[in-house]
Amino acid sequence: MQKRPGRTPSGHLSRLRPVELDPLAEYGLPSKGEKRLLSPKVQESYYAKIVERYLAFCTEAGDRDSLEKQFARSVTITPTTTPLLPPTTSPSPSQTTPPLPTTERLPQILSALRKLREALVATRRHDHFSIQVYLFSIRLGILASSYETYYPSLLHLLRNNNNQPQAVHTTTTTTAHPASSGSNDSNPTTTTTTTTTTATLTNVELNEVTSYLILDAACRRGNLTEAYALRNRYYRHRHQHQHQHQHRQGSSGSSGNGDDATKAAVDAVLRALAGDNWVVWRRVKKQVDGYRARLMEAAEGRVTAHTLKAFGRAYLSVGVGVLEEQTGRGWAELKAGFGVGWELEGGRVVIRRVRGGLGGGGQ
1 MQKRPGRTPS GHLSRLRPVE LDPLAEYGLP SKGEKRLLSP KVQESYYAKI VERYLAFCTE
61 AGDRDSLEKQ FARSVTITPT TTPLLPPTTS PSPSQTTPPL PTTERLPQIL SALRKLREAL
121 VATRRHDHFS IQVYLFSIRL GILASSYETY YPSLLHLLRN NNNQPQAVHT TTTTTAHPAS
181 SGSNDSNPTT TTTTTTTTAT LTNVELNEVT SYLILDAACR RGNLTEAYAL RNRYYRHRHQ
241 HQHQHQHRQG SSGSSGNGDD ATKAAVDAVL RALAGDNWVV WRRVKKQVDG YRARLMEAAE
301 GRVTAHTLKA FGRAYLSVGV GVLEEQTGRG WAELKAGFGV GWELEGGRVV IRRVRGGLGG
361 GGQ
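Numbering-wise (the UniProt record's numbering), the sequence shown opens with residue 1 and increments by one.
Possibly wrong hints are sitting among the right ones.
[As the list claims (entries may be wrong)] Straight-line distance between alpha carbons at most 25 Å, and here's what the computed SDA-like set of lysine to any residue pairs gives:
| no. | residue 1 | residue 2 |
| --- | --- | --- |
| 1 | LYS263 | ASN160 |
| 2 | LYS309 | ARG353 |
| 3 | LYS286 | ALA299 |
| 4 | LYS49 | ARG125 |
| 5 | LYS69 | ARG114 |
| 6 | LYS35 | ALA122 |
Don't read these hints as lab results, they were simulated from the structure.
Using the sequences and the accompanying hints, generate a full structural model.
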């Protein structure tokens, strides 16, 4: 039987087009067998692609309000399904990878950061580049409310950080062939010792990640005991280290003003949660930066619920503006999100009605 033209295997393969893979989805998880990310150069190139994608994400979001809405959306990390080897068949032009929707780009970036962090752990890399990657993961994870991203990074940096840089000595021994050296020595050797320094966090970076870990324990996990334990552990240790450093330098120094302000803000948050003081809570949240305010949002529901209970016990009615200011939420949000059964009459919220008399008391 005569074969029809254009149906030969070679003709079929010639019409195949290369697969268009997302650069961030090109690699798999090192814990699942991916080996290409174990190369330092590949790690740095991959990180550059991650940063580029994040900058594009911020640019496409437009103004600040739109960007905050993107971060406010719930982020769910789905397991990577990227194959470790290229597929044996190529899709048709209509099946090539389309651009990711805006809602899926942030999870893709967070997933890529996880792959890169696994590669850094597998290669035991503790240089300035690795610190940069972990700090980026922490900050982005906090903004995205993805504790799966920022919490492991916080623990890794603090567990592997030391006050003094560690010197790593590498000895290389080279044995020359007797015939090539022209010497009578049977085994002439050359020994070279290379000293490299493991990078550590600066005082500013250490203060930053420490405050994040304390706020995470107090706000997201709701464990004030652990939060105070972390506070005493890291702040006392850092204070002793700074005192020793200033003693060696022979000066009192005044570089800790920023650290003191951060420490005071963290202490105020802990006191507000311990004393159910929503007034201090609102004030501190307006004063701290975006990262710490984002961490505080994890406890926002508990603080708002306590505020509503306090108003319910103390007042018969209250101005809606006062209630919205003290809770930090609009009336419609309070009704929908917290099941408030109070009634809005004019500009006042009626909390309780007194039988046989006029409603009174309130602000």
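*So which hints don't hold here, by number, going up?*
none
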